[in-house]
Amino acid sequence: MNTRLAFELPDVWVFGLPLALSLLLFVAWRQSRRGLVARRIALLIFLRFAAFIGLLFLLARPARFHQQALNVPSRPVLVLLDRSESMSLKESDTTRFARATEFLSRRLLPALKSANVAVHCMVFDQNVQEVTDSEIAATLPNGKRTDLGAAIAQAIGGSSQPPLAVIALTDGAANCDIENERALSVLLEAGTPFIGVGFGEDRGVQTLSLRKWSGPVSAAPRIGFSLTAELEVVNADQRTSCELLLFRDGRLLQSKTLQLEKGGATRTESFQVSEEAAGIHNYSVQLVPPNLPNLTCVNTKADTSVRISDSRDLRVLYVQGALTWEYKFINLALHKDPNVKITGLTRTSEQSVFRQNIEGTGELVNGFPTSLDQLTPFRVVVLSNLRPQDLSSPQQELLARFCSELGGGILMIGGASTFDRAWQNTRLEQLLPVLLAADSRPVRTNAFRPQLTAEALQCPIFRLTPSEDVARTWNRLPLFDQYARVGDAKLGAQVWMVRPDDDSGPGGILMASQRYGAGISAAVCLQNFWRWRLAKDTETEQFDRFWRQLFRWLGDSSRDEVSIEVADQELRPEQDVHLVVERRLSPQNSGDSPRNFIVQVRDGRNQLVQEETVELQTGHPVEFRFRAARPDLYSVTITDPAKVVVAARPVEVRDLNVELVQTARNMETLRQWASMSDGLAFKAEECPRADDLVAQIKAKVRQVQTAQQTRQVVGLQWPIFGLILGCLCAEWLLRKQWALV
Amino acid sequence: MGTGVKEPASAHRKDVIWRPITARALCSILFWLGMALCGASPLQEFSDKQATFFMGRVRYSSNDGNDCGGVGQDLMRLVSKASTLTIQEERKVGLADPDLYETPFLFMNGHNDFVLSDEEVENLRKYFSHGGFFFASGCCTNPNFPRAWRREFGRIFPNEPIQPIPYDHLIYRSFYKLDRIRSLNEPRDIQLEGLFHDGRLVAVMCEDGLCCSFSANNSCNEGRGVSPEDGQKLALNIAVYALTH
Numbered sequence: 116m117n118t119r120l121a122f123e124l125p126d127v128w129v130f131g132l133p134l135a136l137s138l139l140l141f142v143a144w145r146q147s148r149r150g151l152v153a154r155r156i157a158l159l160i161f162l163r164f165a166a167f168i169g170l171l172f173l174l175a176r177p178a179r180f181h182q183q184a185l186n187v188p189s190r191p192v193l194v195l196l197d198r199s200e201s202m203s204l205k206e207s208d209t210t211r212f213a214r215a216t217e218f219l220s221r222r223l224l225p226a227l228k229s230a231n232v233a234v235h236c237m238v239f240d241q242n243v244q245e246v247t248d249s250e251i252a253a254t255l256p257n258g259k260r261t262d263l264g265a266a267i268a269q270a271i272g273g274s275s276q277p278p279l280a281v282i283a284l285t286d287g288a289a290n291c292d293i294e295n296e297r298a299l300s301v302l303l304e305a306g307t308p309f310i311g312v313g314f315g316e317d318r319g320v321q322t323l324s325l326r327k328w329s330g331p332v333s334a335a336p337r338i339g340f341s342l343t344a345e346l347e348v349v350n351a352d353q354r355t356s357c358e359l360l361l362f363r364d365g366r367l368l369q370s371k372t373l374q375l376e377k378g379g380a381t382r383t384e385s386f387q388v389s390e391e392a393a394g395i396h397n398y399s400v401q402l403v404p405p406n407l408p409n410l411t412c413v414n415t416k417a418d419t420s421v422r423i424s425d426s427r428d429l430r431v432l433y434v435q436g437a438l439t440w441e442y443k444f445i446n447l448a449l450h451k452d453p454n455v456k457i458t459g460l461t462r463t464s465e466q467s468v469f470r471q472n473i474e475g476t477g478e479l480v481n482g483f484p485t486s487l488d489q490l491t492p493f494r495v496v497v498l499s500n501l502r503p504q505d506l507s508s509p510q511q512e513l514l515a516r517f518c519s520e521l522g523g524g525i526l527m528i529g530g531a532s533t534f535d536r537a538w539q540n541t542r543l544e545q546l547l548p549v550l551l552a553a554d555s556r557p558v559r560t561n562a563f564r565p566q567l568t569a570e571a572l573q574c575p576i577f578r579l580t581p582s583e584d585v586a587r588t589w590n591r592l593p594l595f596d597q598y599a600r601v602g603d604a605k606l607g608a609q610v611w612m613v614r615p616d617d618d619s620g621p622g623g624i625l626m627a628s629q630r631y632g633a634g635i636s637a638a639v640c641l642q643n644f645w646r647w648r649l650a651k652d653t654e655t656e657q658f659d660r661f662w663r664q665l666f667r668w669l670g671d672s673s674r675d676e677v678s679i680e681v682a683d684q685e686l687r688p689e690q691d692v693h694l695v696v697e698r699r700l701s702p703q704n705s706g707d708s709p710r711n712f713i714v715q716v717r718d719g720r721n722q723l724v725q726e727e728t729v730e731l732q733t734g735h736p737v738e739f740r741f742r743a744a745r746p747d748l749y750s751v752t753i754t755d756p757a758k759v760v761v762a763a764r765p766v767e768v769r770d771l772n773v774e775l776v777q778t779a780r781n782m783e784t785l786r787q788w789a790s791m792s793d794g795l796a797f798k799a800e801e802c803p804r805a806d807d808l809v810a811q812i813k814a815k816v817r818q819v820q821t822a823q824q825t826r827q828v829v830g831l832q833w834p835i836f837g838l839i840l841g842c843l844c845a846e847w848l849l850r851k852q853w854a855l856v
Numbered sequence: 284m285g286t287g288v289k290e291p292a293s294a295h296r297k298d299v300i301w302r303p304i305t306a307r308a309l310c311s312i313l314f315w316l317g318m319a320l321c322g323a324s325p326l327q328e329f330s331d332k333q334a335t336f337f338m339g340r341v342r343y344s345s346n347d348g349n350d351c352g353g354v355g356q357d358l359m360r361l362v363s364k365a366s367t368l369t370i371q372e373e374r375k376v377g378l379a380d381p382d383l384y385e386t387p388f389l390f391m392n393g394h395n396d397f398v399l400s401d402e403e404v405e406n407l408r409k410y411f412s413h414g415g416f417f418f419a420s421g422c423c424t425n426p427n428f429p430r431a432w433r434r435e436f437g438r439i440f441p442n443e444p445i446q447p448i449p450y451d452h453l454i455y456r457s458f459y460k461l462d463r464i465r466s467l468n469e470p471r472d473i474q475l476e477g478l479f480h481d482g483r484l485v486a487v488m489c490e491d492g493l494c495c496s497f498s499a500n501n502s503c504n505e506g507r508g509v510s511p512e513d514g515q516k517l518a519l520n521i522a523v524y525a526l527t528h
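Those protein sequences? They're chains A and B, same order as listed.
The first sequence begins at 116 in our numbering and counts up by one.
The second sequence begins at 284 in our numbering and counts up by one.
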């Protein structure tokens, strides 16, 4: 242990001491003028000087610093060697792993040993394992995931004493980051610097992978739906093509040949499918890669299942303050979909409403519903050109309950007359995904073309053709020049469409949505959206498809009595799958007591994986989990006590190879680890000579430990106070005795 | 499924029309009159031409769209009286104009024979496919216009001939419930004719001087065709049908 005394404010001495001396000389001069003898003056000055010295000592904040000696031989260095699959990639005739083991065995280990530093070698992927020198040579780089954070935490946690440093030999492509926070705190607590040495090329290798495969949970018979594959190409050095095969229940249904451009891109490709009869079908997609020698192809197969059911129709209630062209064209868009029915409720004068497509003569006879019962038949409510006086507060509250409790969809559409500022601070405004602007006058601007946001481009609602790029489709919309002015999007809302910035000012939100309780609310602030359908160059099917998809999405959340949601997690084999099941509130069950439901999970071969009885009460979600032992398409079904299926959804657990999707060396990860722990990060090819590296590691360790030296404040003790107080008291007593006070 | 039917509300509307002008209303009138005399048009600036009811008055062949001059405005006034819709001025539009695709409701009337060019027919085919609606009326029960209309509009969709619209069609119940409309000069019912596309009524024509009855109080067609009261109801039904289907 090395201990030293130092002052935290040494300047106090520099300025305080001359000041004190000057003051004492002045006092001595004054006392001599008063005729005091020299011996007495000297005694008084000494006592005052001693008190001043004591005060200055305290003001300079003395502290004792303790520093641990660098005990190099007794504390080891941990070396973590990445053995994940990305390290098996071959670059310049040798694999990353081979280069890393060569670096370790020929340069690093000899240098550390010659510096008399103990070394513990470990290999890691999603786990960490201690290895000997001979075992390193026998290790294969085939780990399915890289978890550098977990490896650091486990390695340090397993050591009897904190290591001198952690050296990681890796490509830095750490796929898991769950343990990073814990690992960082362990590093900082141990005062251990992280030294990262990056292997591989920054560009990575050519890869082609099937990233996602998705379809609707359910669809109506004879109505087309999309199954969408998301492909990712990385570093393609030439144009090429691949084939995408769609299988329905194991039989080839469709195939597509895709042209892949040079470079890197994410591409979505959709298959249009429709089914004649109700049932459940399994749709799998197979990626057939091109035969290129340098191309690594990963994740080539995926499955999903779709329930075809015509048991429930989607009814839309379109409420408007006056007849609008928007209603007509949306009505046209839904005309060909027999499973979507639109009911119009239009105010035509102060005293009268106009009802269209009602189901019975008594339906909505008194205008907008005044009870939840009357809203229950509808899954989506559209509001247009309404003023607050058209919807009373209880009716607005009803809409909020319809959305949040029944899982209904609310869509507000139109221009300034819809998004009127009079709606500010109303219950309806709380539902909306946007705040209403204080100034709601119509905005007439330069002609613009609505622009989809990045989120919308990835969302299936906006995919209107099976093969064309989404952005390109939407770039063919006609120009618009009016929209409703609204405020900011609310926290958690998704903005789908904006007006691009131009000379007439910053762009505004044109379309947004948000979850509101169990339902969804959306706003379309573009005036005269119907012009899209009537425009000369429009393909009307695209307009129609958009509205069908939007309404199905808005109304989909309320289709089942019980909802099954997959919790936010990464679905992997040999892990638990967390589901949240909830019984939705409806007027039929609002007063019900809790009921038992049976949750069944079956695997792809229809073998029962788990069956459990859960008690569900409206508004009380229950967590349910099952073990996904292997990659498979699991189906989760909930039945009521009468064995009637009330909800079902597929859950696909894929054995995704995430290691080879992004193969570029990620030095940024290593630099972040290094900077957080005062360590170092090198590219392997820029790494200094091994003995220099060891010297740098030692310097870093010393630097870290210097920064970590302990400090103990001294001076605030009774002897110092006693000395000061004693000097001052003695000086005062002497002056008293000598009749100077 | 059914369709709601609104009863005419003429009684209370009458009270509203003859209410004495208040000072506020007088100021408002003077303001707008002043603005009009100064050539300014704030209404044009702030109102939305397309959100409310407006129509295109079709110029075709040698017809410049001025037959029975005020008929377009009268139709829109009729619509505004019966609903909360605000109306705009009619716009003249040719069947080959790009503006055709900005105008979801077209009105055409006339006395004489006419011929549509191939381009106009092609435009109308696309217009109807995209959701546009067409209302035509022969003026003063002159048979030349209806004959030409049937011939020319029959060219638009070769497999879709012009056909009578039976009285059980929604267009007779879209606003007022019209069980039957009798001709004033013949022992028969007034018969609308229409063009259908994909099962949807896209164009309507009345040969019995419907425009004269709802616009000019049938003064140019006195004793013939449709009575003014029935004509107003039928015209309004057609407009509401166009706005909802």
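You may find that some hints are simply not true.
Simulated pairs of lysine-lysine, DSBU-like, Cα-Cα distance not exceeding 30 Å [said to hold, decoys possible]:
#, chain 1, residue 1, chain 2, residue 2
1, A, Lys205, A, Lys451
2, A, Lys416, A, Lys205
3, A, Lys651, A, Lys456
4, A, Lys651, B, Lys409
5, A, Lys416, A, Lys259
6, B, Lys409, A, Lys456
7, B, Lys460, A, Lys651
8, A, Lys327, A, Lys371
9, A, Lys798, A, Lys813
10, B, Lys375, B, Lys364
11, A, Lys205, A, Lys259
12, B, Lys460, A, Lys456
13, A, Lys451, B, Lys364
14, A, Lys377, A, Lys651
15, A, Lys451, A, Lys371
16, B, Lys409, A, Lys451
17, A, Lys651, A, Lys228
18, B, Lys460, B, Lys364
Just so you know, the hints here were simulated from the structure itself, not pulled from any lab data.
Going down the list of hints, with the structure as the test:
1. Proximity of Lys205(A) to Lys451(A) is assessed by CA-CA distance (about 55 Å); at most 30 Å being required, the pair is judged violated.
2. Taken as a hint, the Lys416(A) and Lys205(A) pair is honoured in the structure, with Cα atoms around 24 Å apart against an allowance of 30 Å.
3. A distance of roughly 27 Å separates the Cα atoms of Lys651(A) and Lys456(A); the hinted pair therefore holds under the 30 Å criterion.
4. At roughly 7 Å between alpha-carbon atoms, Lys651(A) and Lys409(B) fall within 30 Å of each other, so this suggested pair holds.
5. Proposed proximity of Lys416(A) and Lys259(A) is supported: the alpha carbons are some 17 Å apart, at most 30 Å.
6. For the hint pairing Lys409(B) with Lys456(A), the CA-to-CA distance comes to about 26 Å; that is within 30 Å, so the pair holds.
7. For the hint pairing Lys460(B) with Lys651(A), the CA-to-CA distance comes to about 35 Å; that exceeds 30 Å, so the pair is violated.
8. A distance of roughly 17 Å separates the Cα atoms of Lys327(A) and Lys371(A); the hinted pair therefore holds under the 30 Å criterion.
9. A hinted pair counts as satisfied when its Cα atoms are at most 30 Å apart, and Lys798(A) with Lys813(A) qualifies at roughly 19 Å.
10. A hinted pair counts as satisfied when its Cα atoms are at most 30 Å apart, and Lys375(B) with Lys364(B) qualifies at roughly 23 Å.
11. Our distance criterion of 30 Å between C-alpha atoms is met by Lys205(A) and Lys259(A), whose separation comes to about 17 Å.
12. Distance restraint check for Lys460(B) and Lys456(A): the Cα-Cα separation of roughly 23 Å lies within the 30 Å cut-off, and the hinted pair is therefore satisfied.
13. Taken as a hint, the Lys451(A) and Lys364(B) pair is broken in the structure, with Cα atoms around 33 Å apart against an allowance of 30 Å.
14. Using a Cα cut-off of 30 Å, the hinted pair Lys377(A) and Lys651(A) is violated, with the two alpha carbons roughly 35 Å apart.
15. Taking the CA atoms of Lys451(A) and Lys371(A), the gap is about 27 Å. The hint holds against a cut of 30 Å.
16. Between Lys409(B) and Lys451(A) the CA atoms are separated by roughly 18 Å; this keeps the pair inside 30 Å, and the hint holds.
17. Note on Lys651(A) and Lys228(A): the hinted pairing is violated, with a Cα-Cα distance of about 79 Å set against a maximum of 30 Å.
18. A distance of roughly 17 Å separates the Cα atoms of Lys460(B) and Lys364(B); the hinted pair therefore holds under the 30 Å criterion.
Comparing the model with each earlier hint shows violations of hints 1, 7, 13, 14, 17; every other hint is respected.
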